[in-house]
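Produce the complete structure using the sequences and hints provided.
If you read the sequences in order, they're chains A and B. Residue 249, in the numbering used here, is where the first sequence stops; the numbers in between run on with no holes. Residue 1246, in the numbering used here, is where the second sequence stops; the numbers in between run on with no holes.
No wet-lab data here; the hints were simulated from the structure. Incorrect hints may appear among the rest.
As the list claims (entries may be wrong) - Below, computed lysine-lysine pairings styled on PhoX-like, alpha-carbon distance capped at 20 Å:
{"id": "1", "chain 1": "A", "residue 1": "Lys65", "chain 2": "A", "residue 2": "Lys93"}
{"id": "2", "chain 1": "A", "residue 1": "Lys65", "chain 2": "B", "residue 2": "Lys1161"}
{"id": "3", "chain 1": "A", "residue 1": "Lys93", "chain 2": "B", "residue 2": "Lys1237"}
As the list claims (entries may be wrong) - Some but not every residue of chain B turned toward chain A, in silico, with C-beta under 10 Å:
{"id": "4", "residue": "Thr1018"}
{"id": "5", "residue": "Val1223"}
{"id": "6", "residue": "Ala1224"}
{"id": "7", "residue": "Ala1241"}
By construction, the Cβ of each residue, glycine as well, lies at the ideal position given by its N, Cα and C atoms.
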Amino acid sequence: MMEPNPKSIMVRLLDVAKTYETTDPPTVALHGVSLDVQRGEYLSIMGPSGSGKTTLFNMIGGLDKPTDGMIFIDEVDVAALDSYELAFLRCRKIGYIFQGYNLLPMLTALENIVLPMIFANVDPDEAREHAYGLLEQVGLENRWTHRPGRMSGGQQQRLAIARALANRPSIVLADEPTGNLDVQTGAEIIRLLKELSSTMDVTVVSATHDHKMLDVSDRVVWIRDGRIERIERREDVRVVVGSVKRSSA
Amino acid sequence: MGGFLEGDALLSELQQRTGRLPTRAILAMVLGGLRVRLLRNAVTAATIVLAIVFLSYTGLANQLSYNLVQALTALEETTGPAEMGVQVQDQVREMQQLLRYAGVNVEGTLLGNPLDTWLIVMAMLTCTVGIANAMLMSVTERFREIATMKCLGALDGLVIKTFLLESLILGALGATIGIVLGSVVALLTGVLQFGRFGIQYFPLSEGIVVLGWSLLAGISVSVAGSLYPVVVAARMKPVDALRVDE
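Below is the structure:
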């Protein structure tokens, strides 16, 4: 089998371990996990609560540092970055989507998208234009003056997706994006995320319980007790309502 | 290893400018934030209003008493008792009476007695602690907002500036209302206690000094109370944005 081209790897985890000292005895969240996230792929991380899913997600997204092992995002060792460089990374290379949307309540829809662009030193007029374009892509252009308080959950998450894409990131990290949404709205969000990630050639990593996500994922990482149980490719998994059927062998 | 581009001055400069906002934008965001939580912030500002009403009132009232005593002493010393006209005699008697009723030491002290000073100090301290409590609750409640800003690329310095500006605005607003109300109360009690003398001898230039110091005290108390909460906010981690509300 051919060695995968290193330039095609967006995130690389090498023997990453994480122990939380805050509990007594310390909690081992991850036991030496290794994983490569390919550029442009749509990866889902699935697992029960306490499986280490969130910890793994935090590692991939540069939100936490491992106790052991190394993490490379776009070939850069995250552990060696200082606070300025980490801020730069989060601002320009990574977009985040949260279960609770986390939009700023005092800003309008347009301003919420413009904010990260101001952080990235984009010219304000250019930023507003680009932000409006993103609002059009998620179908919220008529609500550009509305504050998040006036929007439904689905609309807020669409706005959050637009914000995550504001600085044309290489990776989008989605933490339970459909967690607070009903089944239909959740399906719309998943569809939108998949569509935009393909159009914009963005790598998506999602931590989720939602089995609807399996349909759109290129690969699924199943994690349990701090270890990767298995990694499945989409071809191997077929979702039937109410259960997950696997192709034999 | 590490560093996005070692030795690239332009990118390094770009990194230094990342995560910041122009001051006008910070101000707009802070004002917007205050408006979103208007009632809560009004209650917090009320702490400052009350303390500054007390401070400015005490300062003005003491200055009024002082002015009265000075005027009285001057009247008594100007002419000997034999040459004093009946009108002046009456006025002196009236003022002495009023001052005694008001419990003012006829020798007169500017800053008020030690009890007043003690009360003022305690009021200021209580206010500072109250502000600290309110801001700490506000910061811990807004952990997701702060953590999200950091996920978007904001630097800790921006978070600090935001909260300090917030406490500065609340302090200035509260203190302004406080000195206005304090002046009104001082004027009213001056008239109630001393009648027309309360208006005649009401401190003007000295009053402005009192009000200026009261305004400064209000702002200082607000900023001092928010120092610890601001540190808490600056220390929040981006990963906290993932926490679900308990």
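Please name the hints from earlier in the document that this structure breaks, with their numbers sorted from lowest to highest. Numbers 2, 5 and 6 - these are the hints that the structure violates, sorted from lowest upward.
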